[in-house]
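Chemist: Put together the whole structure using the sequences plus the hints.
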Amino acid sequence: MDVLKRVPISEQPADVRNKNFEEVCLGYTKEEAMEEAARCINCKNAQCVKGCPVSINIPGFIEQVKTGNMEEAFKVIGESSALPAVCGRVCPQESQCEGKCIRGIKGEPVSIGKLERFVADYARENKVEVAQPESKNGKKVAVIGSGPAGLTCAGDLAKLGYDVTIFEALHEAGGVLVYGIPEFRLPKETVVKSEIENVKALGVKIETNVIIGKSITIDELMEEEGFEAVFIGSGAGLPKFMGIPGENANGVFSANEFLTRNNLMKAFMEDYDTPISKGKKVAVIGGGNVAMDAARTALRLGAETHIVYRRSEEELPARVEEVHHAKEEGVIFDLLTNPTEILINEDGWVKGMKCVKMELGEPDESGRRRPQVVEGSEYELELDTVIMALGTAPNPLISSTTKGLDINKWQCIVADETNGATTKPGVFAGGDAVTGAATVILAMGAGKAAAQGIDEYLKNK
Amino acid sequence: MYKINVKEKLADKIFLMVVEAPRVARSCEPGQFVIVKMDEKGERIPLTICDYNRETGEVTIVFQIVGASTERMAELNAGDTFSDFVGPLGRPSELVEESLDSLKNKKILFVAGGVGTAPVYPQVKWLHENGVDADVIVGAKTKDMLILQDEMEKVAGNLYVATDDGSYGFKGLVTEVIKNLVENEKKTYDVCIAIGPMIMMKFVTILTKELNIPTVVSLNPIMVDGTGMCGACRVSVGGEVKFACVDGPEFDGHLVNFDEAMKRQQMYKTEEGRAILKQREGATHHGGCGNCGGDE
Chain A
694 MDVLKRVPIS
704 EQPADVRNKN
714 FEEVCLGYTK
724 EEAMEEAARC
734 INCKNAQCVK
744 GCPVSINIPG
754 FIEQVKTGNM
764 EEAFKVIGES
774 SALPAVCGRV
784 CPQESQCEGK
794 CIRGIKGEPV
804 SIGKLERFVA
814 DYARENKVEV
824 AQPESKNGKK
834 VAVIGSGPAG
844 LTCAGDLAKL
854 GYDVTIFEAL
864 HEAGGVLVYG
874 IPEFRLPKET
884 VVKSEIENVK
894 ALGVKIETNV
904 IIGKSITIDE
914 LMEEEGFEAV
924 FIGSGAGLPK
934 FMGIPGENAN
944 GVFSANEFLT
954 RNNLMKAFME
964 DYDTPISKGK
974 KVAVIGGGNV
984 AMDAARTALR
994 LGAETHIVYR
1004 RSEEELPARV
1014 EEVHHAKEEG
1024 VIFDLLTNPT
1034 EILINEDGWV
1044 KGMKCVKMEL
1054 GEPDESGRRR
1064 PQVVEGSEYE
1074 LELDTVIMAL
1084 GTAPNPLISS
1094 TTKGLDINKW
1104 QCIVADETNG
1114 ATTKPGVFAG
1124 GDAVTGAATV
1134 ILAMGAGKAA
1144 AQGIDEYLKN
1154 K
Chain B
405 MYKINVKEKL
415 ADKIFLMVVE
425 APRVARSCEP
435 GQFVIVKMDE
445 KGERIPLTIC
455 DYNRETGEVT
465 IVFQIVGAST
475 ERMAELNAGD
485 TFSDFVGPLG
495 RPSELVEESL
505 DSLKNKKILF
515 VAGGVGTAPV
525 YPQVKWLHEN
535 GVDADVIVGA
545 KTKDMLILQD
555 EMEKVAGNLY
565 VATDDGSYGF
575 KGLVTEVIKN
585 LVENEKKTYD
595 VCIAIGPMIM
605 MKFVTILTKE
615 LNIPTVVSLN
625 PIMVDGTGMC
635 GACRVSVGGE
645 VKFACVDGPE
655 FDGHLVNFDE
665 AMKRQQMYKT
675 EEGRAILKQR
685 EGATHHGGCG
695 NCGGDE
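Protein sequences, first through last, are from chains A and B. Note that the working numbering has the first sequence beginning at 694, numbered continuously upward. Note that the working numbering has the second sequence beginning at 405, numbered continuously upward.
Keep in mind that the hints were calculated from the coordinates and are not lab data. Hints may contain errors.
Said to hold, decoys possible - The list that follows gives simulated cross-link-like pairs (lysine to aspartate or glutamate, DMTMM-like), each with its CA atoms no further than 25 Å apart:
id, chain 1, residue 1, chain 2, residue 2
1, B, K667, A, E890
2, B, K667, A, E1014
3, A, K820, A, E918
4, B, K673, A, E1039
5, B, K673, A, E997
6, B, K411, B, E589
7, A, K886, B, D443
8, A, K1044, A, E940
Modeler: Structural data, given as structure tokens:
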């Protein structure tokens, strides 16, 4: 065994998985996990923990995996994270824990994410129970949104003894974990549902079909329903469009719509009622993780699929692993390309897209080289479907109906990074609703910080 | 689970249901809508609120069978449940937000077409309860398709009924009734609220623009979540893109691009058509049409 290299992990072959919605990565076996764990040198001053937004005791749980003590490993992770099976799959480990791993200096870092996933999957399959809160304090806290921020905040508060109710606008709990991230990256029944069940097992109640700001307001929750504090983890749900001609044609979708139909409404399954427009030739505009998810979904539904991105491969904001998987599966990358108009046929459907070629100029404020149009490079792409994956903005439903809650110019809720406190006493916020679209784990970190902020606030009240 | 307390067949393919949904009943206003979902595999279906009772916690919806999902929904009976019933969604009717004094000085005309009578009713009723009588025109294909006649009669100032085939009331289109009221009976209106099929709203707005009557329409485009997340319901209003679910459902009818909106309504017609055939006849379509891959 080469100690500088990771224990390889098995995946579904690319030309098989690009036709199904089963999970791509098949995970480690117990033996493989123990072998990979043995690569961890258990640093005294563990850098990986500093790279983790929820500060999991990484060497601590890996020590347990080394000796095959998976129950104990699960407990160690459980002290810091309520969603290990999710995080093991969707965290950008390469830029967090694994990015800081000492092993990574000379060779490949320890596969921390895959080990976390193994432990969580093992615990689920072997029905390892979550530790119960010691005592209840009877104080009611409302959590708005059941995505990663809300679930983490709720779980942590329940562990501290609070009586927590999560309010979810959709019919199913999980937020972006159920409507956004596809089945082939994050299985819903096995992984997401069971982690939500673990949060519920801590005593957290989840009420679906409640839209805060419409069904009831935050002020009413606090004044009429007896909630002493509120955490807003409502995410960034509003899709952005480009504002180019033809965008309202039939066959142009936001990535949110396309993914929600497929993931939450399960349009890819024959016996579900919600339709989806499958398309024969699809262009996904954008280069982030959501763009990769949409492209790989369209591909699995049977379309020739292109990613159209205005910068070069180096600047793609998506995780390297996702780009790699997309390429393996047959997604075509049209880089340094920008759409200028969507062409429509007489029935109102997309028939193509006008694009221009781009080249990279000087770096802009984001530090990335600014793309500029190559003169005279306009050409047409024949298409029947265009999916816009350009990012999302927070929904104003809550901020516009809550007295004293300040937002910034991006519609994001203003909140203290260290404890989630907003400008309204007793109201805390975190995740994409505060930062704009980011990652699952950053939202979880914010949910965790806010749980501590709420605990301190209510203790001193 | 949300229990259906009353189910009533109002006309061919049109049903009324009274559903227990206390949170919605407590906070909804005329003009808003709900999304219902029958069971795990069902679609999320947006429906305008037809009536509500804050004391009993009940909300009334009216729907017409237009596809596989609504056909399945029509099979539910009193005592059955919806797995999901969420709302209120969208903004309340502008009338509700206006001061009563200013409303009392206004001459208001409602134009309701077909199942669109259901969302018109709570607005007329709300006005009536607040001492404002509005004129109401109801149009339907034929007498048997008219709904909520008795209820509307009780709350409307003047009620005018038109049927396409003349089987009840005036024979002709609602636009002809509007024209007659304004041109021959010399009625004047400060505002018109038109709710019905897209094609009706389009022609009502063309006419009221000529007649100089500000007109509000209520759109019911395709949508998934109803909270602004999917963008399926986008509609061009005065050259700007709006989301009907959060910016509407009511818009200035003279600014709505109806031609685009009508095309967008057709988005899933092929999929819907296939679903309803499959529901009625089983998997009998094998792609012989050459336009699709068949039922697999």
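Chemist: Take the hints in turn and mark each one as holding or not.
Modeler: Checked hints:
Restraint check for B:K667 and A:E890: the C-alpha separation of about 43 Å exceeds 25 Å, so the hint is violated. As the CA atoms of B:K667 and A:E1014 are separated by approximately 39 Å, the hinted pair breaks the 25 Å bound. At roughly 35 Å between alpha-carbon atoms, A:K820 and A:E918 are farther apart than 25 Å, so this suggested pair is violated. Distance hint between B:K673 and A:E1039 is fulfilled; the C-alpha atoms sit about 16 Å from each other, no more than 25 Å.
Taken as a hint, the B:K673 and A:E997 pair is honoured in the structure, with Cα atoms around 23 Å apart against an allowance of 25 Å. At roughly 40 Å between alpha-carbon atoms, B:K411 and B:E589 are farther apart than 25 Å, so this suggested pair is violated. This hinted pair checks out: A:K886 and B:D443 have alpha carbons roughly 18 Å apart, not beyond 25 Å. Simply put, A:K1044 and A:E940 have alpha-carbon atoms about 12 Å apart, close enough for the 25 Å limit, and the pair holds.
Hint compliance for this structure: hints 1, 2, 3 and 6 are broken, all remaining hints hold.
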